[in-house]
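Asker: For reference, the chains in residue letters:
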Amino acid sequence: MCRTGRQPDPHEAGDEKAADAAFAALLEDSAEDLYESAPCGYLSTLMDGTIAKINTTLLNWLGLERQTVVGRMRFTDLLTVGGKLYHETHFAPLLRMQDEISGIALEIKQDGGGRIPVLVSSVIKYGSMGELLLIRTTIFDARDRRAYEEELLRGRKAAEEARKQAEADRARLQDALAVLQQSLLPDTLPQVPGVETSAYYHTASPDRLGGDFYDVFPVDGKRFAFFLGDVCGKGPEAAALTSLTRYTLRAAALHNPEPVSALTTLNKVLHERYSGSGDPRYCTAVFGTLEAGPATGQTTVRLASGGHPPALVLRADGTADYLPTPGGLLVGVLPEARFTTAATVLSPGDTLLLYTDGLTEARTGKDRTSLYGDDGLLAFATSHAGTPPHAVVQALTGLLDSFGDGLDDDTALLALGVPASHP
Amino acid sequence: MDTVRRNNVTVTGNPQGRPVVLAHGFGCDQNMWRLTVPALAEDYRVVLFDYVGSGRSEPSAFQEDRYSSLDGYAGDVVEVCEALDLRDAVFVGHSVSAMTGVLAAGTAPERIGALVMVAPSPRYIDDDGYRGGFSADDIDELLASLEANYLGWSAAMAPLIMGNAERPELGEELKNSFCATDPEMARVFARTTFLSDSRDDLKQVAVPTLVLECSQDVIAPREVGAFVHRAIPGSTLVTLDATGHCPHLSAPEATNEAILKFLAALR
Numbered sequence: 000m001c002r003t004g005r006q007p008d009p010h011e012a013g014d015e016k017a018a019d020a021a022f023a024a025l026l027e028d029s030a031e032d033l034y035e036s037a038p039c040g041y042l043s044t045l046m047d048g049t050i051a052k053i054n055t056t057l058l059n060w061l062g063l064e065r066q067t068v069v070g071r072m073r074f075t076d077l078l079t080v081g082g083k084l085y086h087e088t089h090f091a092p093l094l095r096m097q098d099e100i101s102g103i104a105l106e107i108k109q110d111g112g113g114r115i116p117v118l119v120s121s122v123i124k125y126g127s128m129g130e131l132l133l134i135r136t137t138i139f140d141a142r143d144r145r146a147y148e149e150e151l152l153r154g155r156k157a158a159e160e161a162r163k164q165a166e167a168d169r170a171r172l173q174d175a176l177a178v179l180q181q182s183l184l185p186d187t188l189p190q191v192p193g194v195e196t197s198a199y200y201h202t203a204s205p206d207r208l209g210g211d212f213y214d215v216f217p218v219d220g221k222r223f224a225f226f227l228g229d230v231c232g233k234g235p236e237a238a239a240l241t242s243l244t245r246y247t248l249r250a251a252a253l254h255n256p257e258p259v260s261a262l263t264t265l266n267k268v269l270h271e272r273y274s275g276s277g278d279p280r281y282c283t284a285v286f287g288t289l290e291a292g293p294a295t296g297q298t299t300v301r302l303a304s305g306g307h308p309p310a311l312v313l314r315a316d317g318t319a320d321y322l323p324t325p326g327g328l329l330v331g332v333l334p335e336a337r338f339t340t341a342a343t344v345l346s347p348g349d350t351l352l353l354y355t356d357g358l359t360e361a362r363t364g365k366d367r368t369s370l371y372g373d374d375g376l377l378a379f380a381t382s383h384a385g386t387p388p389h390a391v392v393q394a395l396t397g398l399l400d401s402f403g404d405g406l407d408d409d410t411a412l413l414a415l416g417v418p419a420s421h422p
Numbered sequence: 000m001d002t003v004r005r006n007n008v009t010v011t012g013n014p015q016g017r018p019v020v021l022a023h024g025f026g027c028d029q030n031m032w033r034l035t036v037p038a039l040a041e042d043y044r045v046v047l048f049d050y051v052g053s054g055r056s057e058p059s060a061f062q063e064d065r066y067s068s069l070d071g072y073a074g075d076v077v078e079v080c081e082a083l084d085l086r087d088a089v090f091v092g093h094s095v096s097a098m099t100g101v102l103a104a105g106t107a108p109e110r111i112g113a114l115v116m117v118a119p120s121p122r123y124i125d126d127d128g129y130r131g132g133f134s135a136d137d138i139d140e141l142l143a144s145l146e147a148n149y150l151g152w153s154a155a156m157a158p159l160i161m162g163n164a165e166r167p168e169l170g171e172e173l174k175n176s177f178c179a180t181d182p183e184m185a186r187v188f189a190r191t192t193f194l195s196d197s198r199d200d201l202k203q204v205a206v207p208t209l210v211l212e213c214s215q216d217v218i219a220p221r222e223v224g225a226f227v228h229r230a231i232p233g234s235t236l237v238t239l240d241a242t243g244h245c246p247h248l249s250a251p252e253a254t255n256e257a258i259l260k261f262l263a264a265l266r
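Protein chains in written order, with numbering that gives the first Met the number 0: chain A, 0 to 422; chain B, 0 to 266.
In short, the hints are calculated from the structure, not lab data.
Just so you know, not all the hints are guaranteed correct.
[What the hints assert, rightly or not] Sample of chain B residues at the chain A side, in silico, Cβ under 8 Å:
no., residue
1, N30
2, E146
3, L248
Just so it is clear, CB atoms sit at the ideal spot from N, CA and C, and this is done for glycine as well.
Please construct the entire structure, taking both the sequences and the accompanying hints into account.
Answerer: The structure is reproduced here in structure tokens:
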């Protein structure tokens, strides 16, 4: 229920007189004394700032005598120079525009040279005719409060500095990561006679160095080698492993470009490097060679796989098939490893596609619980069979984009094709 | 960006009258001219604006490097004149804005045909044979005062202050907003203002100029007013019987009278 008026409790009315008397006895100080000894400074100034009245509290803070202040000093004379500037540029205009201003932090100068931080509030008093009469000002000692605020400001500045530093560090780190990441992949693929090449690398997170890799390079007068793979893990360790893998494969291929030989060398190097380290690391990889075949426009592909998903061959006639390489072992796990080989011939319009499992393990569906999978990829590849490598990679790039947050791993794509013979 | 929006330009008064541009100084915004506008409105086309970084200017337009020199603020003046295609305007600048007007008149002489300098100072810091009234340490103290008083400013309030002129119900909350400025921007303006030295620019003034000084002004003492008057060939000096740095607020009648008299003599 709403109470429309204050209804005194029954006992209150009877006690009122006694209470008033008790308060009156306590409050024997005059208004004059209340003004002079108030726990804050009081100041009345003319509109030009000349001090007309000041209370004892404030005089004591200032260490000044009344007669040297009243009629002789202006309010701004009590302030530090910085405070004067602030008064002229903010305080005074705001007071004029609003008729009052409150809680402004300033410092007053003491006679001995000390300073007291204060909070100042002012109000303009008007005469009965609406004329400006004077300015009433209240001044509170804000020493403790200011010290606290300064601590807060200091803390804020320190936090701000730390944030700026952290941002700079992060930017430097990003730059370093970008350079490192670039060193793991070729800037451009070389021109391979009779073969068109196209590649794409999707980085899942710019902060984390990826573990996928690929390359294409000449090995002797007639052959080019290519590889694509995926190292376990992410981050700096994975990047180091990727780097070791890439340069080992390149060096091994120059010595002997046979696919099994190159992967065997890599296996030895990785096993030796990581098996005793307490941090066993490995990779999956497809390594192969391209060699122009006896018939013009044909290229022979010979490859070996170490635990990597099978390559796809997209034919000019609109069909596509996996090039199975079952049973190949992960590279670097065992001292001796067996790798599975396969071979095919690419005719004009045919394209060989290598990819990492970021693609087939992308999560699809509304709740992101199904995987895109081998069948999905085969169907997609079939629908793009007969198109040149750059078109295949472009279509797959679009597919990767369409996965959105379902694609949470790095993905590398490498397509090698013999251009169709039609004009 | 649209200059009119960027600088929160307001045009009022007599559309047929000669344009008079009123420019606020460091501290507050165009509201400082509230007692001046009515006196000019009948005969003059009155143009008000906020410098970028002050009042209700567009905060995203603030660039520290541009507004670290008075040329940046003078650029605002010229661009406002261009946006409204003002010709032969009278520029009334308060405090540091008086010097901004000098620079703007130098760059765009066809736009600005006369200057009124209200409490001007071409240099605030003392120098050999020149008394500006302040030392570099004093300016640091002012910066500390600014820091201690984020007047009406808080991250939560900022969007209201900067962009809601059309919501008068916020009036009570917006107390002090005439002087509310993003602390970072205020700091830049303070430094630019009080560390500037435009003494050499005064000689270049080639338009009729009125120098208005106050009899008691901490920021622009009388010797500075005299310096400005001496340096600008043919200028008129009027000393207002006023205390403080804002005669347009503390002595509006006398200020308006002096401005109107100067304007009337121009034709």
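Asker: Confirm or reject each hint.
Answerer: Each hint, compared with the structure:
Interface hint status for B:N30: upheld, as the beta-carbon distance to the closest one in chain A is roughly 6 Å, under 8 Å. Below 8 Å, beta-carbon pairs count as interface contacts, and B:E146 has one with chain A at about 7 Å; its hint therefore holds. The interface hint given for B:L248 is met, as the beta carbon of that residue sits about 4 Å from the closest beta carbon of chain A, less than 8 Å.
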